[in-house]
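S.K.: Sequence:
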Amino acid sequence: MKKIINITQLFLIIYILTVSYSFGQPWYYDFGTSTGTFTSGASTTFLPKPQSGGGTARVRIGTGGGSWNLENQTISFGSESYLRGVAPTSTSVNKFSIYDYTPGNTFTLRFRLRLGASDGSANAASGNWYLFIGDGAMYSDNNAFSGTQVFTGIRWTFGTGGSITTSYRNGGNWTNIIPSPFSQGTDYIVEIYGNNSTSQINYNYNGAQSVASDKFDLWVDGTLVGDDLSKAQLANNLNIDSWVFYGESSTSNVANIFLDDFIYTNTISDNPLPVELANFKTMDIGGSIKLIWSTTTEIQNYGWEIERSEINKETNKPSIWQTIGFVKGSGNSNSPKEYSFIDNTALYGEYAYRLKQIDIDGTTSYSDELRVFVGQKPQVYDLKPFPNPMNPVAKIRYEVPEFSFVNISIYDITGRLIKTLINENKEPGIYEIEFDGSQLASGIYLSVLKSNGTTISRKLQLIK
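Anchor point for the sequence shown: position 95 equals 95 in the working numbering, and the numbering is continuous, going up by one each time.
You may find that some hints are simply not true.
Unchecked claim - As a list, the in silico DMTMM-like pairs of lysine to aspartate or glutamate whose alpha-carbon atoms are at most 20 Å apart:
no., residue 1, residue 2
1, K328, E310
2, K419, E402
3, K426, E305
4, K317, E434
5, K450, E402
6, K281, D412
7, K464, D412
8, K377, D436
9, K384, E338
10, K395, D368
11, K313, E350
12, K377, D361
13, K450, E424
14, K290, D270
15, K450, D382
16, K281, E338
17, K328, E305
18, K356, E310
Keep in mind the hints are simulated off the structure, nothing from the lab.
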């Protein structure tokens, strides 16, 4: 029976699909490679634009000096450019916010953080930096925070000797987290799982976890340092669509915050947010292929399986993926790590490579694919069985310099055909095929290649 979908039904389906896609989508936000300094007023164009649905990025400088600075590895921090904020001397706050992304009454926020002096060291003795997450005008205006617009509030107070006092907004008051999980001059990965819904939400992070209604969990470098912390004063079950960092009250503008590598969602992520792969590339080193990649952060990273596939010439797509190696990860890391793997087994032709990242709990994800052409086209026909002698299996590597019909067969020393291994057209390239002699008697055999008027014969000794 034919089914007819009317226009109303069609728009309803499109709406449902759009809403479903918007919820649970992670937004990735970093600062690219540009550099620059912002020292007065407010701007929604100084910083890179967030991904679709990910809100608007804004900076603001108050009347107490300070700045927002895009710096590309002035110090070693994050991936390429990062954002450095300098706190003002007064309570006229300096702000960086992302506001009005697709809302939800739960969220996950992850970012890289350092607190300290302008050079990243532990020498700033005064000032406050804050993070607020919630909804309301404070995320897009020039004012200090309003408690009723805040679900999560965290305050970092700079002290002598490189100390940081860490507090969270508990209702209408500040409560210290003891001991403080932060100090100056150190890089951290901070993750916040917030639940403003009416029921507990379960998620997986180093095992089964949960966050109660109207609470949030605070993770630092893969360690739960705040379990079911109370929210601030945002009304129950309201949606959350914004976050803001701002600084204030730093004598001589000494308090700096360094930020990079944000991931945020409008749901509770069921698993830890992913290992951040900074780059993945290949190099040809004398006929072998070297894979090189690096990470900016790792959470529960067991390691990578290296996968390779030949490119099918007819479809121009990878054919069968094979695991060719494994590289162990760093578990939990908040600093850049570099990895490499050398593939010595690829023959002539075009291949695709990819990384299969494996978490400690068995969760997997794949990198993008990289294509590479290996080796040089053979100049002559050739045939090489190995190992030789064999017991009882050998591989036969053969080279074809031009498109041609190729026959490779095994004969005994009397010339009797034992087995035909290849009898088909072949593109130029280097190939391997396996010969199993387990059903044959020990002795001398001949492997023979015939193609385009050329015959090549190689002795092959079978020893059992």
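S.K.: Can you list which hints this structure breaks, lowest number first?
M.R.: 1, 2, 3, 4, 6, 8, 9, 10, 12 and 14
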